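Participant: Chains C and V, in that order, give the protein sequences. Taken in order, the first sequence gives residues 463 to 563; the numbers are from our numbering. Taken in order, the second sequence gives residues 1249 to 1405; the numbers are from our numbering.
Simulated crosslink set (DSS-like; lysine-lysine; CA at most 30 angstroms straight-line):
(1) V/1252 <-> V/1273
(2) V/1252 <-> V/1331
(3) V/1385 <-> V/1331
(4) C/473 <-> C/519
(5) V/1385 <-> C/466
(6) C/473 <-> C/538
(7) C/466 <-> V/1358
(8) V/1337 <-> C/538
(9) V/1358 <-> V/1337
(10) C/466 <-> C/548
(11) C/492 <-> V/1358
(12) V/1358 <-> C/519
(13) C/538 <-> C/492
(14) V/1252 <-> V/1264
(15) C/492 <-> C/473
One-sided and incomplete, this derived list gives chain C residues near chain V with beta-carbon spacing under 10 angstroms:
(16) 463
(17) 557
(18) 558
(19) 559
(20) 560
(21) 561
(22) 562
Hint data in this document are derived by calculation from the structure and do not stem from the laboratory. Predicted, not measured: the structure shown is a model, and the values here were computed from it. Note that the Cβ used here is the ideal one computed from N, Cα and C, for glycine as well.
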Amino acid sequence: LYAKGRVLGFKRAKRNQRPDISLVQIEGVKTAADTEFYLGKRVAFVYRAKREVNGSKIRCIWGRITRAHGGSGAVKARFRNNLPAKSFGASVRVMMYPSRV
Amino acid sequence: MVHKPRNSLLTAGVNKYSRSQVVAKRVLYKRKPAGAVAVCPPAANKTVEVKGAKNGGSRVIAAAKAPRFYAAEDVALPKKNRKHAGVAKLRSTIVPGTVLILLAGRYRGKRVVFLKQLESGLLLVSGPFKVNGVPLKRVNQAYVIATSTKVELDASK
Chain C
463 LYAKGRVLGF KRAKRNQRPD ISLVQIEGVK TAADTEFYLG KRVAFVYRAK
513 REVNGSKIRC IWGRITRAHG GSGAVKARFR NNLPAKSFGA SVRVMMYPSR
563 V
Chain V
1249 MVHKPRNSLL TAGVNKYSRS QVVAKRVLYK RKPAGAVAVC PPAANKTVEV
1299 KGAKNGGSRV IAAAKAPRFY AAEDVALPKK NRKHAGVAKL RSTIVPGTVL
1349 ILLAGRYRGK RVVFLKQLES GLLLVSGPFK VNGVPLKRVN QAYVIATSTK
1399 VELDASK
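Chain C extracted, bound-state conformation (with noise of 0.2 angstroms):
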């Protein structure tokens, strides 16, 4: 019940990088109007790590698309915590909803 997306990286310059926003690739959408359908739809990046929290291995940090970035449908999205950049090339949820269909 989601979408498949690729984090490709922090939002930056050539040279300085911004972390607060990472790019996503969400895995079919290929243009920037594309993108519109993704609007404002949450994510979550999911990873596992060694020590347990809550009675769960496996940990999440949640966020949303914001908007889309350049014009073949990358977007950008802003996080509750900064992505690690241990994730780029990672999957990312993005989930159905909040749904204006």
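Based on the hints, put chain V in the right spot on chain C.
Facilitator: Structure of chain V alone, referenced to chain C:
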């Protein structure tokens, strides 16, 4: 009684009409104050006859009882919140009988029939239970995709 403002502001701190002029505008000398709204007579104290030789004859029972407990320190009461979020407007694609897809929660992915919107703004929804095990349930509009499939509902809800 609401009225157009009787006074207006020329600049900060300077009104167009002085206080006595505003009073004259209100024509108070002609009006009688409405007077205290008829107050129900405070419940009278009861007087009760007490039987038995040593009990002193009669006792007065106060109509308003003193509280049983007084807090040791005065605690500030939190202010009442006067702000209420409005009720979410129902999407035009959601009509009673529409089949919805639940996006989150225990029944995520289930297709479910929309019954009605409750006063809180949430959608009342049901499997129906016999069909897919989703009971009568409240669901937020944002967590639902409306399909174009509609089902006939009879109005006896």
